[in-house]
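Please model the entire structure based on the sequences and the hints provided.
Read off the chains here:
There are 2 protein chains.
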Amino acid sequence: MTNYLKEDAIRRVVFSELSKLDMPEQDAKYLVEGLLHSSMRGIDTHGIALLPTYLEELRGGRSRTKPNLQWQQPLPCCLKLDADGANGVVAASHAMLRAIEVASVYGVAVVSVRNSNHFAAASIYTHMAAERDMIGICLSNSDALVGLENGKEPFLGTNPIAMTASGAGGELFDLDFATSQVSYSKVRRHLNEGKPIPSGWAKDAEGNDTSCTNEFHALEALGGYKGQGIGFMVQILTSVLADTPFDNQLSHLYCEPYDSPRNIAHTMVVLSPAMFDPTNGSVDGFKSRLSGLMATAREQGDGVTLPGDKERQCKSARAQSGIPVSPEFYNWFLELSETN
Amino acid sequence: MTNYLKEDAIRRVVFSELSKLDMPEQDAKYLVEGLLHSSMRGIDTHGIALLPTYLEELRGGRSRTKPNLQWQQPLPCCLKLDADGANGVVAASHAMLRAIEVASVYGVAVVSVRNSNHFAAASIYTHMAAERDMIGICLSNSDALVGLENGKEPFLGTNPIAMTASGAGGELFDLDFATSQVSYSKVRRHLNEGKPIPSGWAKDAEGNDTSCTNEFHALEALGGYKGQGIGFMVQILTSVLADTPFDNQLSHLYCEPYDSPRNIAHTMVVLSPAMFDPTNGSVDGFKSRLSGLMATAREQGDGVTLPGDKERQCKSARAQSGIPVSPEFYNWFLELSETN
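Protein chains in written order, with our numbering: chain A, 2 to 341; chain B, 2 to 341.
There may be inaccurate statements among the hints.
Claimed, not checked - Residues on chain A that point at chain B, a partial pick, calculated with CB under 10 Å: (1) Leu-76; (2) Tyr-107; (3) Leu-176; (4) Asp-244; (5) Asp-278; (6) Leu-291.
Claimed, not checked - A short, non-exhaustive set of chain A residues, derived as facing chain B with CB atoms under 7 Å: (7) Gly-152; (8) Val-241; (9) Gln-301; (10) Gly-304.
Keep in mind that the hints were calculated from the coordinates and are not lab data.
We treat Cβ as the ideally placed atom computed from N, Cα and C, and that holds for glycine.
Here you go:
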């Protein structure tokens with residue numbers, strides 16, 4: 002049986018718990034709203050399902066409830082944030098909001114974030130930009146899960162890239178992808194259900210393609226060597242730029258103990274489309290062209306689905322139903338509710 | 002029998018021909034050096050093999066030998082270039098060099114280019130940045146060859162992305178990929194040789210995977226829906242930003258007549274790693290970390306190949322052998338040589 006939870010119930014209980022942990026109200030808001038944003042849009046692995054782990058990280062000290070965010074801005078459009086071990090959603094929200102602010106004035110902003118933690122879904126932050134008519138781009142490195150071609154051990158993270166941009170009339174281009182062929186959670190679902198893994202998803206300990214769940218050792222990169230290259234690209238633009246550990250030096254999200262910093266790096270890029278408009282210098286042209294492109298793409302076939310379509314449909318459905326959660330999460334949440 | 006041509010022979014003959022067409026010497030240099038750069042590194046489809054077509058474009062007026070490049074710089078780091086129908090290599094070289102100049106001062110630069118043409122390989126330009134210790138990123142839209150999931154007609158270009166960054170001791174991270182699973186030229190090679198197309202490369206007129214060369218209708222996106230999303234991302238950051246035709250509205254490179262403008266859009270992004278360095282603010286830390294990452298990756302297995310490795314090996318080999326060319330190209334070049 003699937004249990005459903007309403008947004009407001011989660012908000013109330015989690016805010017209360019975060020307040021007991023002494024997290025500032027605004028940061029708690031970023032954290033809860035970010036996870037709800039993912040869950041409402043159907044990105045269940047990167048939504049409220051992360052709450053038990055995030056709370057363990059805060060309680061154990063792996064992430065700090067009251068980080069001392071240190072900003073440097075050597076030049077107007079170049080920003081660096083040492084997040085002092087903040088929860089990743091908190092760090093990335095601060096970074097993106099500042100990037101938006103700078104890009105609103107200077108047309109472009111790049112923020113390099115170090116000493117952060119797992120930040121849920123990259124699209125949480127790119128949405129913040131799109132809501133303000135900016136193009137938001139977000140990258141992060143992450144612990145190694147993806148194997149190299151001709152390599153045996155996992156070496157690259159699933160290193161996500163997201164980009165969101167607003168069209169006219171509520172249209173949204175909303176891309177958020179991992180640089181692995183599929184996410185680890187998809188493989189794990191096959192592991193849990195005892196189903197064979199489709200070819201091209203996973204490698205065994207010898208680096209060969211495997212469909213056997215108990216031979217799983219590493220994920221396959223998106224489309225082979227190209228995805229491997231994109232994974233490196235993200236790592237270079239995040240951790241190499243910010244001087245933080247390589248993907249294969251990072252501890253794993255779900256590995257206890259929860260008391261050591263992980264030092265994950267993110268990079269936020271925000272562009273103001275109006276500044277690049279060749280004619281009238283307003284954002285309206287860009288928005289209407291983006292909507293036109295997406296409308297034309299939808300005319301190409303009944304089943305054509307564009308980045309963001311499924312998430313929008315899911316959000317509408319879940320506004321009615323609430324967010325479906327596993328029995329384990331439901332019980333965890335009930336317990337948390339009793340103490341808050 | 003394979004024929005080989007030496008760089009200097011090509012330089013001499015093509016410069017002379019471009020000078021007859023009244024192209025300014027500096028622009029001719031960009032064009033010839035860009036194509037040689039690709040050919041020497043083994044990117045044969047995006048090197049001197051393009052010369053016959055590029056010369057037809059210049060003779061026919063599709064691209065202009067003496068374009069009136071129009072720059073706008075609404076804010077220090079945001080630049081727009083209307084290339085006035087310049088040859089793509091010329092337009093993109095000007096754009097990247099200006100981006101490097103701006104990023105050297107401001108840390109970041111974004112240049113949106115409109116009204117350009119085919120620009121050969123994106124890595125020609127990202128190399129320019131890496132040679133000056135900057136991170137160079139280059140995107141372009143292109144005529145539609147990639148089919149959408151559940152769509153029948155080609156809708157997206159192979160919309161390339163390249164990023165190059167310099168490490169210490171001559172190390173180079175050098176990624177240049179199309180957002181299709183494979184390039185059209187790879188499929189064409191199978192067509193020419195009458196060999197079946199591997200599964201996952203191409204679609205027939207109904208949008209289904211096909212291995213039959215005479216059923217080829219569109220390329221498959223890199224890794225399926227993710228590559229489709231990346232193709233849209235590139236198009237949005239190039240043509241939607243610059244207000245130029247969508248991929249599926251562009252004429253095809255090899256379609257005569259050569260007298261109508263194509264209006265391709267590129268985007269150059271340059272970052273100064275020094276500006277993002279959290280400690281000493283010099284580029285040395287970034288360079289040494291990048292080399293460290295690549296060295297660690299190479300230790301993962303004997304056959305591990307990183308973006309740029311094959312190209313570097315090819316360049317060494319061709320410095321000795323010259324550039325291998327097809328009999329057709331060789332004859333074309335001999336004829337051109339006689340008149341120059």
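Min Cβ distance, A:Asp-244 to chain B: is it shorter than 10 Å? holds (5 Å)
So, A:Leu-76 near chain B? Judge it on the closest CB pair being under 10 Å. It holds, given that the least Cβ distance between A:Leu-76 and chain B is near 4 Å, below 10 Å.
Agreement of hint A:Asp-278 with chain B interface, Cβ distance less than 10 Å: holds (7 Å)
Against chain B, with CB atoms and a cut of 10 Å, does the hint on A:Leu-176 hold up? OK, holds: A:Leu-176 within 10 Å of chain B, min 4 Å.
Evaluation of the interface hint that places A:Gln-301 against chain B, nearest CB under 7 Å: Where the cut-off is 7 Å and the nearest Cβ of chain B is about 4 Å from A:Gln-301, the hint holds.
Regarding the hint that A:Gly-304 lies at the interface with chain B, is the smallest CB-CB distance below 7 Å? For A:Gly-304, the interface hint holds, since the closest Cβ of chain B sits about 3 Å away, which is under 7 Å.
If you take the shortest Cβ to Cβ gap from A:Tyr-107 to chain B, is it below 10 Å? holds (6 Å)
Does the closest beta carbon of chain B sit nearer than 7 Å to the beta carbon of A:Val-241? Interface hint status for A:Val-241: holds (5 Å vs cutoff 7 Å).
Hint check, A:Leu-291 versus chain B [nearest Cβ-Cβ separation less than 10 Å]: holds (5 Å)
Status of the hint placing A:Gly-152 at chain B (closest C-beta pair under 7 Å): This hint holds: A:Gly-152 lies near chain B, its Cβ roughly 4 Å from the closest one there, short of 7 Å.
The structure meets every hint from the earlier list without exception.
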